[in-house]
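Participant: What follows is each chain in one-letter form.
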Amino acid sequence: MKDHEVPAHIAEVINKTTDEERAAYLDIVQNGNLVNTRPEQLLLHGPTKRYVDEYLWHSPKVGIVASYSPKERDVQDHFGIFRGVDQVEAFAQATIVSCATFLECRKHNCLPDVLKDKFIPAFISIGNVNFHNYAEAGDTLISLGNIKFYKWRQMVCDGRIYKVPERFDLKEYFEDFNEERLLKYDISKEFKLVAELFDITGRAILIEQFKKL
Amino acid sequence: MSNLKNYKQKMERQEILDGLLEVLRTVRTIDPARLEGVTEETDFLTDLSTPSTELINIAAKVEHKFDIEFEDDDIDRMGSKVKDIIDLIIMVKERGENQ
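In order, the protein sequences belong to chains C and X. Using my numbering, count along the first sequence one by one with no gaps and you end on 213. Using my numbering, count along the second sequence one by one with no gaps and you end on 99.
Simulated from the structure, these hints should not be mistaken for lab results. Keep in mind that a hint or two might mislead.
Unchecked claim - Using 25 Å as the maximum straight-line C-alpha spacing, the simulated DSS-like pairs for lysine-lysine come out as follows: (1) X:K93 - C:K211; (2) X:K93 - C:K107; (3) X:K83 - C:K212; (4) X:K93 - C:K212; (5) X:K83 - X:K93; (6) C:K107 - X:K61; (7) X:K61 - C:K151; (8) X:K65 - C:K148; (9) X:K65 - C:K151; (10) X:K83 - C:K148; (11) C:K61 - X:K93; (12) X:K83 - C:K151; (13) C:K189 - C:K163; (14) C:K151 - X:K5; (15) C:K171 - C:K189; (16) X:K81 - C:K151.
Stated by the list, open to error - Pulled a few chain C residues facing chain X out of the computed Cβ check, cut under 10 Å: (17) F149; (18) Q154; (19) L183; (20) T201.
Said to hold, decoys possible - Short derived list, chain C residues pointing at chain X, Cβ under 10 Å: (21) S125; (22) V129; (23) R153; (24) L193; (25) D199; (26) R203; (27) I205; (28) Q209; (29) K211.
Just so it is clear, CB atoms sit at the ideal spot from N, CA and C, and this is done for glycine as well.
Here chain C stands alone, though its shape is the one from the complex (with noise of 0.2 Å):
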C-alpha cells in the first residue's frame, strides 16, 4: 500500500457507500452534527487504533462528547491499563480530529474520504494534562471537549475524560446535553474523573508539506 493511501478495508466501506448514503452524509455535514453517525465514517484510520466508539452528544462549533471502551487488545503488556498517552490520543480523535474534520467537511461541502487525499491530521502540540485515574479493558471513558479556536486547519481543544459508571445509559444522559453543561462539565458525580487536559492542538497539514517535514 501507498504512503496515506486509504485502506482496503476503509475502501471497502466507502466503494459500498451508495450515492444516496453519500448525499444523507452530506446533508448531516451541512445541517448536523456527528450524533448517531459511525465513527469509521470520519476516522478513516483504524480499526486497531480507532478510540471512538461513539458520538453522544455535538455542538460543530462548540464542542462533543464522544465514547471508548479500551478493548484487551488496547491494555495487552501494560498491566492491563489503558496507558496515558492513548488516552490523551483518545481524546484527541474524539475532540479535535472528529470535529475539525466535520467542519473542514462543512466548509467544502464534502465528506471525510474527499479530505483523505489531500491531508494528514497531525498532533502540534498538548499543552497539559493531569491524570486523576485510570481505566481497564471493558472500562467506559467519555471525552468532553470544547473548541477554543479553529482556524486555518487548526484546532485547540481543552476538556475532560471521564469513567462512565457501570450499566449506565449514556445516550439517554447525554440526549438532552447543551452548549453550557459542556463549558461547566455539569455532568453527574457518578462519573470519575480520569484526566483534565489543556491547549490540545491538532492541524491538517497538507499531504505535500507533510512529506517535508
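Keeping the supplied structure of chain C fixed, place chain X upon it in accordance with the hints.
Facilitator: What follows is chain X alone, placed relative to chain C:
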C-alpha cells in the same frame, strides 16, 4: 519616479515591521529581549526560538492588527522569516484592495 516608489515600499515595509513588533511583544513565548535586533531576515523558529505552534497564534494576532484576513492557502505557504510575514501582509492587503 522609481526612487519614490522604492522609498514608499521601504516605508511601508518598515511600518509593517513596526506593527509586527508590537504584535510580537504580546506573544508570551517570545523573549522580549530577543526582539531588540529583529530584521526582516530574522527567523521565528531559529532566531527567536518561537514554537512552531505559535506561528498560527501570531498570524491570528496579525490579522487583527492589520485588519486583514488570511486564507488557508496563505498560512500553508507562510515561511518562518519576518520578511515572509511582511510579504504575506502586503500580498493580502493588495488582494483586499483589488477585491
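Participant: Please go over all the hints and tell whether each is borne out by the structure.
Facilitator: Each hint tested on the structure:
1. Annotation: proposed proximity of K93 of chain X to K211 of chain C is violated, straight-line Cα distance about 31 Å (limit 25 Å).
2. This hinted pair checks out: K93 of chain X and K107 of chain C have alpha carbons roughly 24 Å apart, not beyond 25 Å.
3. A hinted pair counts as satisfied when its Cα atoms are at most 25 Å apart, and K83 of chain X with K212 of chain C qualifies at roughly 22 Å.
4. A distance of roughly 29 Å separates the Cα atoms of K93 of chain X and K212 of chain C; the hinted pair therefore is violated under the 25 Å criterion.
5. The hinted pair formed by K83 of chain X and K93 of chain X meets the criterion: a straight-line CA distance of about 15 Å does not exceed 25 Å.
6. Under the criterion of a C-alpha separation no larger than 25 Å, the hint pairing K107 of chain C with K61 of chain X is consistent with the structure, at around 23 Å.
7. Between K61 of chain X and K151 of chain C, the direct Cα distance comes to roughly 12 Å. Compliance with the 25 Å bound is thereby established for this hinted pair.
8. Straight-line distance between C-alpha atoms of K65 of chain X and K148 of chain C comes to about 20 Å, which keeps the hinted pair within the 25 Å bound.
9. With a C-alpha separation of about 17 Å, the suggested pair K65 of chain X and K151 of chain C falls inside the 25 Å cut-off, and the hint holds.
10. With a C-alpha separation of about 29 Å, the suggested pairing of K83 of chain X with K148 of chain C is violated against the 25 Å cut-off.
11. A distance of roughly 28 Å separates the Cα atoms of K61 of chain C and K93 of chain X; the hinted pair therefore is violated under the 25 Å criterion.
12. The suggested pairing of K83 of chain X with K151 of chain C holds, with an alpha-carbon distance near 23 Å, which does not exceed 25 Å.
13. For the suggested pair K189 of chain C and K163 of chain C, the alpha carbons sit about 11 Å apart, so the restraint of at most 25 Å is met.
14. Distance hint between K151 of chain C and K5 of chain X is unfulfilled; the C-alpha atoms sit about 35 Å from each other, more than 25 Å.
15. Proximity of K171 of chain C to K189 of chain C is assessed by CA-CA distance (about 17 Å); at most 25 Å being required, the pair is judged to hold.
16. Annotation: proposed proximity of K81 of chain X to K151 of chain C holds, straight-line Cα distance about 21 Å (limit 25 Å).
17. Hint on F149 of chain C holds. Least Cβ distance to chain X is approximately 8 Å, under the 10 Å limit.
18. Because the smallest distance between the Cβ of Q154 of chain C and any Cβ of chain X comes to about 5 Å, under 10 Å, the interface hint for this residue holds.
19. A distance limit of 10 Å between C-beta atoms decides the matter here; for L183 of chain C the minimum to chain X is near 21 Å, and the interface restraint is violated.
20. Against a cut-off of 10 Å between C-beta atoms, the interface hint on T201 of chain C holds, since the closest Cβ of chain X lies about 6 Å away.
21. About 5 Å separates the beta-carbon of S125 of chain C from the nearest beta-carbon of chain X, less than 10 Å, and the hint is met.
22. At about 16 Å, the closest approach between the beta carbon of V129 of chain C and any beta carbon in chain X exceeds 10 Å, and the interface hint on this residue is violated.
23. This hint holds: R153 of chain C has a C-beta 6 Å from the nearest C-beta of chain X, less than the 10 Å allowed.
24. Taking 10 Å as the C-beta contact cut-off toward chain X, the hint placing L193 of chain C at the interface is violated, the least distance being around 27 Å.
25. Because the smallest distance between the Cβ of D199 of chain C and any Cβ of chain X comes to about 9 Å, under 10 Å, the interface hint for this residue holds.
26. For R203 of chain C, the interface hint holds, the least distance from its beta-carbon to any beta-carbon of chain X being 8 Å, beneath 10 Å.
27. At a threshold of 10 Å, the smallest CB-CB gap from I205 of chain C to chain X is about 9 Å, leaving the interface hint in force.
28. Residue-level restraint check for Q209 of chain C holds (minimum Cβ-Cβ distance to chain X is 7 Å; threshold 10 Å).
29. Contact between K211 of chain C and chain X, as hinted, is not supported at the beta carbon level, the nearest pair being about 14 Å apart and thus beyond 10 Å.
The structure shown violates the earlier hints numbered 1, 4, 10, 11, 14, 19, 22, 24, 29.
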